[in-house]
Each structure stands twice: as structure tokens, then as C-alpha cells.
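For the sequence shown, this note's numbering begins at 112 and goes up steadily by one.
No lab work stands behind these hints: they were computed from the structure. Do not rely on the hints blindly, as some may be mistaken.
As the list claims (entries may be wrong) - When the alpha-carbon atoms are kept at most 20 Å apart in a straight line, the in silico PhoX-like pairs for lysine-lysine are as follows:
id, residue 1, residue 2
1, Lys532, Lys585
2, Lys928, Lys947
3, Lys947, Lys931
What the hints assert, rightly or not - Each pair of labels, with its calculated beta carbon distance range:
id, residue 1, residue 2, range
4, Val493, Glu778, 31 to 39 Å
5, Ser1082, Asp777, 52 to 60 Å
6, Arg538, Gln900, 27 to 35 Å
Bear in mind the structure is a predicted one, so any value in this text is a computation, not a measurement. All C-beta atoms, glycine included, are put in the ideal place defined by N, C-alpha and C.
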Amino acid sequence: MKAVIHRLKGRIPVHSRPRFEGNTMSGVTKAGAINLMQPRKATGKPWWAILFVACFAALLACFPARSPELYVHLVSGRSLFNQGLFSPTWILDGMLYLQTAAFGMPAMVVAKALLLALACGALAWRAGRRSTGWALILAFSLSVLVLAHFMPLTPVTYSLVLAVGVLLATESMADSAVSQGLALSCALFWLALMHQADGRALVGWLLGLIVLLGGRFDRRAMRQGKTWMAELLPLFLWTFLGLPLIAFNPGGGFAWVFPAEFSLAGFNDSPTNHSPFAPALWDTVFANPSMLAYFPLVVAALASALVPGTVVGMRWRLPTLLLALLSLWSERWIPWLALVAGPCLALHLGLWVNGGGIGKNRLPPFWLTPTVCLLAAFLLVVAWPGWLQGVPYERRNAAVYLPPAAATASSTVADWIKQGKLPGDARGLHLRLNTLAAFSWYQPQLASDLLDAVDLVSLMNSREGVDQLAAFGKSGLAYLVITEPAPARMQMLLQGLQINASQLPLCLLDGPVLVVGLNPPGGNAAKKPGLGALVWTDLAFGSAASRLREAPPAPWPGPYPLQHAFAHARPGAEAGGLSAQGREYIFLADGKLRQAAEAGPRLVNAWLAGHCLALAGQSGLEAHWGMAPQLALHLSLEAVPGITGEAQLLLEALAGWRASVLPLPDEDTQRALLTLAMRSARASVALDPADGRSWMVVGEAALRLMNSTAERKGAAEFNEWRQLREAQAAFAFRKALLADPSLDLAHYSLAYVYSQMRLIDLEASHLRNGWKINQKRGAPPGAPAQPWQDRQAAEDSRIRRAEGQVTSRLSAYATEKTGKSAIERARLALDMGLGKQALDELLASDISAFGAQGMALEVDMLLRLGRADEVIAWVNPDEHDGFLATDLYHWFRVKAAASLGRYDEACQEAVSLTQGQTRLAFPLAPSLALAVTRDGLDRLAAAQTIPLSAYQLIPPSNLDSQITGMLRRWSLEANGFAVLGLLALEQGNPVEGRRSLQDALIHSPPVSSGAQALSFPARTLARQVLTLLEKSKGD
């Protein structure tokens, strides 16, 4: 038999010979005989499935780019020939610059989406030769969805595209000699693309090495008659030609030989710090559909790589196995796993349906193909509006949202030079490369120097450090540009600048960018062109105030043409009305410090001292290091138990430090700063609803304003305004948790808000959630282990006691609610402090069961629990304007709109509280005169005078009841004008704010014998704020 086969082998055309791929034997019949004359059937590629993979990848990659590092690449690309072609990222720099110069910034996102679509489609095309359409859809749906989490506009994303080229070239290296050069070329471009700090260039070389090594185990080349030397030649070339390219790359040097992925030093304190199973990542994984898809993908990848007797070659299985294991260790390997797991899984599914290539053609169930088609359509539909990007589902859009602060700051500096405030040859000193690149991109004529690796917080805490910064002015530098994205550190910098305003005057604050003047010690600042220092009250309430624009309306989440999205892309640098963005950093800590100061100066010292210890790493108190952050947290939440033990030692060690280093601002400045914080944080979340930090600032500012001196005194008479602040804070902290569920401070802040509302069940729930996150994060660096564990145990015990109290009240509630109506059960739950139970009772009942009173209670509970968006959607004029009391209906909508940051709508509802009156002075005086005249006519009619005898036919009126009703209506109108003024000031409209407050107080002068009779609930608050405005106007 062997002799017959040998003789026939030379007579059969090459294209008709049976092919042997792995264990695939297409020429083997069921009986085991070889049908040499029957060529293998050519199967067409499932192009519809390949097209789905490409479209799915393009949709997931087409979302706004936000990386500030783009400025560095754009400037580098513009000056590419000046710096040389062998800069670390010269390919990416030149490509991004050419795209931007030709088509604008949105072209970068479009190009990235097309490249990723091409790469994923190429992988699907390669796997489609031996797979089926439904197998491609199932496998690549998981693969591309996981890859979507790693598709920002960064060099790493482009390295993934090149990785596909390396993978395909090496996978086919045994069949084509040309692919060897192609793979090496991809590796060379890879090295030029990547920056040395990323340390991922070696990953591509190793990926190709693993694929080639897998080809060695496949023994495919041996079956085609090649020798061992011919089989090992691609492996030899890849190994010994790739290493020199890596080692001697001019941009990276030897930094790429041992990247961060292989170094335990890159993972800080634990090798599993970046594992997808780490507690910090596990808590947030369910908020992101792409990361959620990783877990079924890694299980399928491991099963696909380890299943015995498979016909899929080791060149796919080996890299899939290794990358799956590495991805369990660090999430940095997940995108590389997604590249190889998709094709490997598709090949397994396709060959399984084809009977494993043994001749058993299994037909899939009849329902499988239509089900997979429906799945593909569903994925495309939900990917189009961006619902697969994670909460809060940002819309898909070809846009680049770069922070506008650098654009406006550089433009302002250029204007200062034109106006003569700075000399024409003025040079600036930048402390971050991103800011320097942004200034160079928008204003190339500005001369700038770079000084990095400087800890400004440490410098601001010492006189020597401040003198060192100011001394740069002697070297010809005119201003200092500081960028600090961390809010806590920005607070420290601003407080330090406030103290040293003579040497380091703060001239511009826009977002995280500060421009500071440089007046060296002993220098003559009068000889230099002057830059005026900022006046906070003028920025908040004066002529320099910028009005906060409303957030753009949420687009309909349905399909719309791609060119429409491209045309309406909003470059961040051109966004208007955001000149105050980022002022949320300003002195937010001082609101907490002022409140703590009322309890004693030691609490003030301890709070900020612990803050400094946690941030700047101050030495000298190592024994109390672990206590400082926790003490700072408790003090900031105003829930401080008795200060004893180690905390008392820390307080004594730090007594007097705070007052001597960072004095508190005055009350007027504090309110101005908090108003700026509220306004600018609203502007930030209008552009990025997923900015959890800015939502935290909204809530913090609302709480600090609520507890300020003016509002604390005014809320005692005007409780509705305190309820508005609480609704603002609860909604903001809830949105912050939706954006980032790992924010333990948001849980603690909500616990504080609910403690003020006396809702103990919600307070205990958020304390527990915040404590869990804090516990998983572990002790601060340097904290002693045993004291930290003791404190955690004490905290857990305290929370357990609070939960026990909730449990006992729930038991009592279950006993007492029997036989009561829905609204009575809700009120009973509220009386017991069970807010969640009260709302559940109301939500479970129809509105007809409790009427207008029950609806008012339900709306109030929704506002308390931070669900103002549901209130604004539910309470509408068509259904509830007449159902609820008029003033109550408008009050609910004022609170809800103000919580959402929709100030125009809130102001309109406040106008409705004034019964539509544009000015209060005109309706009140004639009404009072008419009432008095009518009473006089009543008395004359009683005297039976002939001319007025006819007046007896008119029913007599009661002057007291008329005036009482009139004053009640006037009080509601005055409250409406006061709220209108306060909201207008918060929005940044000082003219309307001042005028509305004056209208509210027109019948309540500061000193008047009748002031008590003409008082109204919001009078004290309106009077104090108006006094502040008049004072700032006078200044």
C-alpha cells in the first residue's frame, strides 16, 4: 500500500494533494482509507461575520479622547524634523499631527477606530478560513468587548494594532518567507512607536517568539517535507535579529529589555496589585460591561488552550495559555490576551461544528444561527449610543475633549504680553511637560522652560522653599505655571500661595492650571510690569464672575449619521463658558477647618496636619503616622468621638502648627471660594458626567455652604433652603458613586448627610460600605500594623452597634405597622429613622392610595435620597401642578433642578413662587392701601350715611384676615425672590442675583420699627448675602 501511494504521489497535481494541518485529515474517509483523488473542499469565508467584527470594533473605539498627553505628541509631531526622526514616539507624533492638520482633532479618533476595525477584522479573516460565521461572532464579541476597555488615544492602543501585524505575520511564517520581513518591520515600527516609560515594546517581540515556538510544536513544517533547520530558521531570525532592535533602539535604550510587566517593582507593594481579581478592581467591575466580559473570556481561553486532542495548532494555543495566566496576575496583559483569544476560540468552535476535521460534519442546531444573528444585531445597537462604555454611558462620538484650561491660560498670558503687563521677551517656568506642550501648541511664540520633579507642597510648607521658587524671578523668568490635578494637593498649594501672596501672587486660576507671578525676595517688584492678584469675591459675585452655562441636552440614544456626530464634535479647547473650570480646588478644606475651629483650635491643627502628613510625607511623627489620615477623615466629617490615646498625642504634637502656617480666610472670601467651587464643578460634570471627582466637589461645596455662618443662621428660619442644600449634596455624592464605586469618601459623606436627616438606616448602610472599601485598601504606608487593626476593629464594632439599632427599629416597625395605611406606614418609618423603608412603602403603593399628601411625602423622600433626576422627570406641570399645592409643587421643582445643576429651570420655578411678579414693590403697597380703604368704607357704611348706604349690599370684609392672607402671599413671594437671587449668584449672574435680593428685602429694611411685622423666613439669609455683595462691591 505504501508503495502504491508513493508512486501515485508524484502524479497528483500539487493543488489536489490532501493537506495535513495538525491532526486535520480532510482526505480520510470514515473507514480510514485515504481518498487521494478527492481534493479538500474550499470553503468561503463568512464575510458577514468579519464585517460585524470590524463594525463592532469601530463603534467601541469611537468615543471621546481625553488624554492631556496628546499635546506632547502634537507638538512633537509639528517639530518632528527639528528633533530628529529617532525620537521615542516619532511615528505616532507625526501621524497624529498630520491627521490634526488635515482634518482636525476628531480625525484622530476616526483614524484610531478605523485602524482597530482593520486589525480586528484581519484577525477574524485569518480565523474565518477554518471557522464558521456564528463561531466568529461568539468568539470576537467577547474579545472585542474586552479590548474596548483598552482603546484610548494613546501609544499603547496603536501598539495593539501593530501586535496584530506581528501575530498574523509570525502565524503564517511557515508558509511565506516574505512574512518574516513583514514581522520584523512591524517590530521595528513598534519600537519607534512606544515610549520607553511604557515598557511594552518587548511584549510584541515575545508574542512573535511564542507564536513561532508554538509552530515548532505543531510539526506542520515537518509534514510538508521541511527539515528541522528550515523549521527553526524563522525562530532563529526572530530571536537574534529582534533583540538588537530592542536593545539599541535610540529612543528607549535597554529600558525595553526588562519592561514593567515583568518587574515586581512595577507593582508597588503587591504583585497582585493590578490583578483583575484584586478587591479594589473587583468592586468596580460590574459597572463596566467591557471588564465584565473579561471573566468569561479568560475561562474560555484557558479551556481552549488546555483541551486535549484539539486540532488547533500550538501557535495559537500556547500564546493564549501564557497570556491568560499573565492576565490573572496583572490587568495590563488583558488586551494582549484579547488579541489571541478571539481567533483561538473561534477556531475551536468552528472545528467543533465541522466534526474536528475527522469527517463528521456536525450540523449546528437550527436555532443557533438566528440566535447569533440577533446577538450581533443587539450588540451593534447597544454599542452605537455608547451603552457598552460603562456608567454613565457616555455617547459615542468622534471628538477630542482636552482640558480647556491650558488653552485659555496660554491665551491669557499672550494677552498680558500684548497689553504690556509682561515684557515681550517674558519666559515662563513650567513644572509639568503636558502643560508646557499645551502652551506651545496654542501659543508657539511663548518662551518657556521646564523644571520637573519638584514637590511644590513640600516647598510651600517652608519659608526656604517659597524663597527658592520666588528666586527664579532673578533669572529672567516672569511667571510660574503650575498644574496640579489632585484636588487635595491643589488646596494645599492655594493656601500656601495665599500666605505668600507678596512673593508668589496668584494671577490666573483656570482648571488645574495656575499662573503665579515671581517676585524674588529683596527684589524691586515695582520695576516689573504688574500682574494683578485675584480677588475671590469679585470672581464669584463681581464683574469678573463667569456665568455657568447649562449642560448640553442629552442626545437621543438612537442611531444618527456618523457625519452628524463628526460635525457636532466639541473640541474641549473651544468650549465656552468654562473659564472658571477647576476652581473646585480652591480652599474647600477651609470650610471644614472653620467648622472644626468652633469646637477648638486643636481640631483645626489636627485635621490639616493629618492632611499634610498623608499627602506630603512629613517626617518627625512616624509613631503617629497611621493615625493622621484616619483622624483627618473623622474630623472632616464632623463625627469625631472623644479624642484620647494616640490621637491626643498627635494633637499635642501639632498644637499651634496650623494657625502659624495656614491661617483661615475671612467669611466673605470663604463663601466666594465655595461658590466658585460649586459653579466650576458643575461646568466640569457638564462636559464629563463620569467625573466622580467633580461630583464630589459639588457635594462638598453644598455641605460647606450649608454649614457656613450665613446659611446656618438663615436655615434656622428658612428650612427649605437647608433641604435644598441637602438634596444637592445627596444627588452629587450619589452621582460620584455611580461614576466611581470605589470612592469611600462619598459613602462617608452620604452617611453624614443622612445623619443630619436622622435617617439611621441609610447612615449605617453607607458607613458599612465606606468602611469595606477603606478596609480593602489597607493601612496607609508606614502605619503600624497592630494599631491599625485595633482601630479597624473598633470602627467595625461601632458600625455593628449602629446596624443593631437599625435591626431593632425594623423589628419594632414590623410590629407597629399592622393595620395602617400606606402613608401612615411611611410616616411611622420616618419617625423611626427608617428612610429606605419609608420610601419603599410609598413606591410600592399607587398614588391613588395616599393622594396628594402621600405624593408630596414620596417626592420629598426621593429628593432626600439623592434621586432628584427622578423627581424632575415625574413631577410635571401637566399632571401635578393642580394636584399638589402650588407653592409645594414649585418648591419641589426648584430643589430638583438646583440639584441637577439646571439653574435656568430652577430660577424659572423660583419666579413662579413669586406668582409671576417681576417686581415686588408694585403689587404690595396698592393692595395694602386698598385693604385699609375698604375697611374705612365698611365703618362709614355702618354709620348709615346716605351716599354710602348702597355699600351695605357688599358683604363686609375683615381687615385682619385680609392683611394676614396678603402678608402670607407676600411672604411666599419674598421667599421666591430670595431663592431666585441665591440661585442666580450660584450660577454666576451677579446682576440678577443682587437685584432679586433687593426686591425680596424692599419691605424689610435693616432697621425699622415694622421689621418684625414684615419679616419672612428667608429674610436673615437674604440680608446676610446682600450685605456680603455690597461689601465686595465697595471693596
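Hint-by-hint comparison with the structure:
{"no.": "1", "hint": "Lys532 x Lys585", "in the structure": "18 Å, holds"}
{"no.": "2", "hint": "Lys928 x Lys947", "in the structure": "15 Å, holds"}
{"no.": "3", "hint": "Lys947 x Lys931", "in the structure": "18 Å, holds"}
{"no.": "4", "hint": "Val493 x Glu778: 31 to 39 Å", "in the structure": "51 Å, violated"}
{"no.": "5", "hint": "Ser1082 x Asp777: 52 to 60 Å", "in the structure": "32 Å, violated"}
{"no.": "6", "hint": "Arg538 x Gln900: 27 to 35 Å", "in the structure": "53 Å, violated"}
Violated hints, in rising order: 4, 5 and 6; the structure is consistent with all others.
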